[in-house]
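Student: One line per chain: the protein sequences are D and L, in this order. In this text, residue positions in the first sequence follow my numbering: the first is 1, and each later residue adds one. In this text, residue positions in the second sequence follow my numbering: the first is 1, and each later residue adds one.
For the record, the hints were derived by calculation from the structure and aren't laboratory data. Hints may be right or wrong, so weigh each one.
Which copy is meant is left open, because identical chains are indistinguishable; a pair holds if it fits in one copy or across any two.
[To be verified] Below, simulated BS3-like cross-link-like pairs (lysine-lysine); rule was C-alpha separation at most 25 Å, straight line:
(1) Lys557 x Lys598
(2) Lys220 x Lys633
(3) Lys569 x Lys586
(4) Lys683 x Lys362
(5) Lys738 x Lys673
(6) Lys545 x Lys563
(7) Lys669 x Lys366
(8) Lys93 x Lys220
(9) Lys546 x Lys526
(10) Lys426 x Lys366
(11) Lys320 x Lys140
(12) Lys723 x Lys633
(13) Lys320 x Lys673
(14) Lys58 x Lys587
(15) Lys557 x Lys723
(16) Lys198 x Lys541
(17) Lys93 x Lys237
(18) Lys140 x Lys311
(19) Lys587 x Lys237
Here the structure is a predicted model, which means the values were calculated and not measured.
2 protein chains.
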Amino acid sequence: MRILISLVSSSTSTGLHLLSVSRRLHTKISPFSTLIGLKPPPAMATSEDSIRRCLAEKQSSIESQGNTVRALKAANAEKATVDEAIEKLNALKLDKSVMEKQLQAAVNGNGPDGSINKEAFRQAVVNTLERRLFYIPSFKIYRGVAGLYDYGPPGCAVKSNVLSFWRQHFVLEENMLEVDCPCVTPEAVLKASGHVDKFTDLMVKDEKTGTCYRADHLLKDFCNEKIQKDLSISAEKAAELKHVLAMLDDLSAEELGAKIKEYGITAPDTKNPLSDPYPFNLMFQTSIGPSGLSPGYMRPETAQGIFVNFKDLYYYNGNKLPFAAAQIGQAFRNEISPRQGLLRVREFTLAEIEHFVDPEYKSHPKYSEVADLEFLMFPREQQISAQSAKKIQLGEAVSKGIVNNETLGYFIGRVYLFLTRLGIDKDRLRFRQHLANEMAHYAADCWDAEIESSYGWIECVGIADRSAYDLHAHTVSISLIHTSCIRCEIVSVLANKRQNMCGKEEKSGVPLVAHEKFSEPKEVEKLVIAPVKKELGLAFKGNQKKVVEALEAMNEKEALDMKASLETKGVVEFYVCTLGENVTIKKNMVSISKEKKKEHQRTFTPSVIEPSFGIGRIIYCLYEHSFYMRPSKAGDEQLNVFRFPPLVAPIKCTVFPLVQNQQYENVAKIISKSLTAAGISHKIDITGTSIGKRYARTDELGVPFAITVDSISSVTIRERDSKDQIRVDVEEAAPVMKSVTDGHRTWADVWASFPHHSSGSAED
Amino acid sequence: MRILISLVSSSTSTGLHLLSVSRRLHTKISPFSTLIGLKPPPAMATSEDSIRRCLAEKQSSIESQGNTVRALKAANAEKATVDEAIEKLNALKLDKSVMEKQLQAAVNGNGPDGSINKEAFRQAVVNTLERRLFYIPSFKIYRGVAGLYDYGPPGCAVKSNVLSFWRQHFVLEENMLEVDCPCVTPEAVLKASGHVDKFTDLMVKDEKTGTCYRADHLLKDFCNEKIQKDLSISAEKAAELKHVLAMLDDLSAEELGAKIKEYGITAPDTKNPLSDPYPFNLMFQTSIGPSGLSPGYMRPETAQGIFVNFKDLYYYNGNKLPFAAAQIGQAFRNEISPRQGLLRVREFTLAEIEHFVDPEYKSHPKYSEVADLEFLMFPREQQISAQSAKKIQLGEAVSKGIVNNETLGYFIGRVYLFLTRLGIDKDRLRFRQHLANEMAHYAADCWDAEIESSYGWIECVGIADRSAYDLHAHTVSISLIHTSCIRCEIVSVLANKRQNMCGKEEKSGVPLVAHEKFSEPKEVEKLVIAPVKKELGLAFKGNQKKVVEALEAMNEKEALDMKASLETKGVVEFYVCTLGENVTIKKNMVSISKEKKKEHQRTFTPSVIEPSFGIGRIIYCLYEHSFYMRPSKAGDEQLNVFRFPPLVAPIKCTVFPLVQNQQYENVAKIISKSLTAAGISHKIDITGTSIGKRYARTDELGVPFAITVDSISSVTIRERDSKDQIRVDVEEAAPVMKSVTDGHRTWADVWASFPHHSSGSAED
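Chain D extracted, bound-state conformation (with noise of 0.2 Å):
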């Protein structure tokens, strides 16, 4: 659920939804900024602040000089001190081509090339990637669609197997409720979360060829370009571009527009004018049965389907609380330009689990197991303080309150378990809190899984805790409520009432509650409205019915307030904001008091906590995370390995004949034989190739493992990373490959248990 909505506060802020919220973070200096309006902060003194201070200031030295050797020429002043005063002058030049060296560097961030190192690493892990078809751009001998990509082999296999996991890791291990619903959607579900109003990217078109651009990417653009290239820019100047940067994701479209004018931003690729930002929905749409008159979308996530099954699932479950329910499956988002690779398509697969608790029982049962846990964590107060991520214990950040409670600091554990498990570099992952701006109202807490790559810290999965807003939105559709009109806020009071006060028909009118029921009853105090139909219908004919509704939702403290004055004045003034007037209500129209009642249940909306894995940014993080370069053996190329564990390997094993020769190759087919039978993904290779290509060959598709067949009676076993050989019999193999890749033993158990083989033989 990526969609934050405004309800109260007036932010102008569009449809933010998570994994947009990366965009800022690749380019965010100071976050706090983006809460003190539009006026850039006063500039920090950062190295490379301080450097674009000196290098103004040697840039004027040298125009100042400059003059001073042009007098001195003009004046016919003696060789020796025109000679001196251009040496200075060389010498100035010569500083200010290492300072520019250095901004260039602190620019960049780390060292001198290391944007560069950046890229190429990129390059080679993606390079990699496409000739060993671990992806493919979709559709590809049709010139390919932007933003749509196909997984290859072993891409497919590495998925296959990281969904797995995420089965056994979440849904076995916490009994989850998994749910598989349709990618279609009809409009009034997406029209109820809000995601047919608010689930917009601002647009911008060239105004002659009309060629689609988003607006932000353009002003990013043109900043970091500034920021990188033009050295010469002030460092006034320079801190006025981070901050836009910074803000970004807070521009509303007029004030876009403004900046894009400002700075003279023209169409990249044909310098032609651009229009005013105008926001363009993400959604894909289309058209439900053959009437064409119901408009319907492809989800763009699967939350939805899980939140409108509630009621269902709670029954399910024998009506108790907490459970969660997961759903893996398609998500779509008609990005405008796709861009980052396989970090931002157009289709992706989404994991969401949203686990739904009693909001005054947020403790979880197994926190203790992950409580210990200790990672680097980014909480809000480190980013608006300047700070980078640290290391926390996760039991003390909820113990502090740096996580709201438990249940979420449970899954973020969890979280951290699952990336790292599957290989993510513990040392490039952070939790990062989001900070209140980024938040929406209703949210208690919100923490993003964010993932080191060369694109920067890509957020992976978003954990949040939601509150009751998402049960409440499919009771009463939030998109009708007023946001001027408080009255339209006590949403769960109406849902009991299947009724909504401001809105029209679009709604699903059943209530997404939960019941706690009393061990004995309660005596409480309840607020009794009771209008008096008579006498409003006297007063106000046809819009009786709208004044009784208006009445029957006001809140205890609006009630009471009535009440007062009735019993002073005798009347009262009462805005009906379905009429969107005052009436007047006088004591004999409504009846209000406080009585005592037996309870013997509390109802309520559950809150959910929601953490949602964007499965493909997993992936390819993963991928970036494994990938590493060593020379092949003679020293004359660099070889490219994936160290993938073998839970996540897309083939577990290889099986070569050392040579061609037929008993060897029936060896390698009893071998196979076995490891399917045991469920082991392998392939034969028994061409001709020498067996180091043969290993090199593999190593680049991650395998973790691989078995020559050197002899009709026993094999060599040869682990990917360490290179490390043993010899197994030929009936071991498949059993010894069994336990190390379903994780029964390590690699070092084996290599401790059987006899070692000197390398050099095999290898060559």
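Using the hints, position chain L against chain D.
Tutor: This is chain L only, laid out in the frame that chain D set:
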């Protein structure tokens, strides 16, 4: 791949697709009638037929006897005479009513209340499925959308188990290349595959309300209703209606419209007149990117994603044939009016295999592993001669040429093993061969795995040898090929030249071909067509290019005929399809010769053999085949059971403490933990409900085993169907469960190894 396109034949058939064929089969009586045009065939002497004739005779006897009685009465005949005549009349009426019952029984197929039983059985299954959330009508709280269903927790687990087994049985065992392509597909791809033009159903509209109906459904309903409910129609009329049913899928829009008019069929809901039938494309349309200028569709099948990647996959496989690629994923069809619950839906999961093979070598190395299998087959001959399916040994079917080739036979055998291992009843599974008129002209052979359900025989898997059609289609866009132009068919020649005879620019232009390297070069005689461009330019000016292309595209026979004509007569008339007219070719305009060349390899377009699985249909049939009812122990109610094999069961076992007791609950938790560690999905039920009720609850979910904790050292394990119980030590519970659920041991093995528990104590 479910489109049959009639390229050469002038068939009027609309775009058929495999999964729709089942529509016809439910009602098929004399399929061969479709071969002989619109006139009904001579009525056959079926039992139904003869009853109708007798009934008609009986009716006229009644009428004539009625006349006799009236005449006697009018003539004031003797009472005894009148009474005798009346008695005779009553006897005739009694006969008639017996006959009507017989006819009703014959119409319904199996027994006097066959269809009623089927309906009742289906209702019992569906009630259980919906109540236990195997499936849920999607977006129920928003009043749902026809043809969209969610899988709830047990349904989702069954689906996930079926797909895992599919991956194991096909992808892993056959080393297939699995891919994962997007659902959003650009128009060019589906234009080339033929879906944009031909993937349609015929629709009629209520002329007043605009409500849409499938034309063939209305006609089908009318005929069925008439045959089943109107016992007075003549045998000839019944035969005519059955004939219409049998050829429903072959009717053109005009023929369907004519029949609807002839029978006076009106809109079912309003009785308003209907529009003429017109084609409605079943693809969900959308737009890719923000411009609105790139139409796209939600894929109607997964196969195209494989075909467009053929070149990369062939390379990935070391440029070797045969190999198979596979894909599991969502497919979408915007059905006009979805019916039959889970069987005809608008979004569903397909699992498709494309096995690419050299058309000259269609043997299969593992064929012998399936050749001895014997199961129900329904070859074309049997269907035409109105026989029923019979048990045939697969090897015999292949050797006799009933099944076209070994590879096709191999997949038929593998599909049989897959379905029966899931729990499909082998006596309600048949492989039906497509009739000549059901297949596209390019298909070599095609068999459907049909499963009998309460809806009749349902096509669940299609296994087709589609020859080179699909790879051709993406090289040269078939939709652009003139159906009247013989030269347009020699696409493989053109493919290698990257040009398309009659087409415009819409084609991939990438040759999707394979090569066979010869062990030594072969000398071949090659036809060389060398147009003399200078002379052609002089003669045809601007049309020269089209004439050259047409000359180069001639096949061998055409070219040699031209050569002969030119040598004898000096000129020849030549039809150029791109010009749409004949031109005169003179001797000096083209040189045609045969030259000997050495060739090092053969280039060809591979054939594709395609098993395509409708996962949702298989699962629904599995539900019906697994469902049964048995009396409760007290005999006072019928309990529902799904007899899923452990492989499929959504939950493998439950853990019940016999009574609510902390010690037992602790033991249950210990067992639960070891089950989780072993990866066995299970559920603990610690409610105080009687153990019998708890068994009944889980039987209804198809849970095969229950572990009842009735002591702290050992437990009782109960098998669902036999209700047999054994006793095992606490620490053995998980390993025993592991071995029986992963198939390493059967319940019989376990039953033989552990002490039995006398039933009764735990059951209550």
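Student: None of the hints should be skipped; say for each whether it holds.
Tutor: Cross-check of the supplied hints:
1. Lys557 x Lys598: within (22 Å within a copy, 97 Å between copies)
2. Lys220 x Lys633: Neither, since 45 Å and 73 Å both go past 25 Å.
3. Lys569 x Lys586: within (9 Å within a copy, 111 Å between copies)
4. Lys683 x Lys362: Between copies, since 23 Å is at most 25 Å while 48 Å is not.
5. Lys738 x Lys673: Classified as both: same-chain Cα gap 13 Å, cross-chain 22 Å, threshold 25 Å.
6. Lys545 x Lys563: within (20 Å within a copy, 92 Å between copies)
7. Lys669 x Lys366: between (46 Å within a copy, 13 Å between copies)
8. Lys93 x Lys220: neither (31 Å within a copy, 90 Å between copies)
9. Lys546 x Lys526: within (23 Å within a copy, 88 Å between copies)
10. Lys426 x Lys366: Intra 22 Å, inter 46 Å, cutoff 25 Å: intra-copy only.
11. Lys320 x Lys140: Cα proximity of lysine 320 and lysine 140: across copies only (21 Å, versus 50 Å in one copy).
12. Lys723 x Lys633: within (11 Å within a copy, 63 Å between copies)
13. Lys320 x Lys673: Between copies only: 21 Å across, 48 Å inside.
14. Lys58 x Lys587: neither (80 Å within a copy, 83 Å between copies)
15. Lys557 x Lys723: neither (73 Å within a copy, 61 Å between copies)
16. Lys198 x Lys541: neither (37 Å within a copy, 59 Å between copies)
17. Lys93 x Lys237: within (23 Å within a copy, 104 Å between copies)
18. Lys140 x Lys311: For lysine 140 and lysine 311, the Cα distance is within 25 Å only across copies (10 Å; inside one copy 44 Å).
19. Lys587 x Lys237: So lysine 587 and lysine 237 fail the 25 Å test inside a copy (64 Å) and across (78 Å) alike.
Of the numbered hints given earlier, the model fails hints 2, 8, 14, 15, 16 and 19; all others are met.
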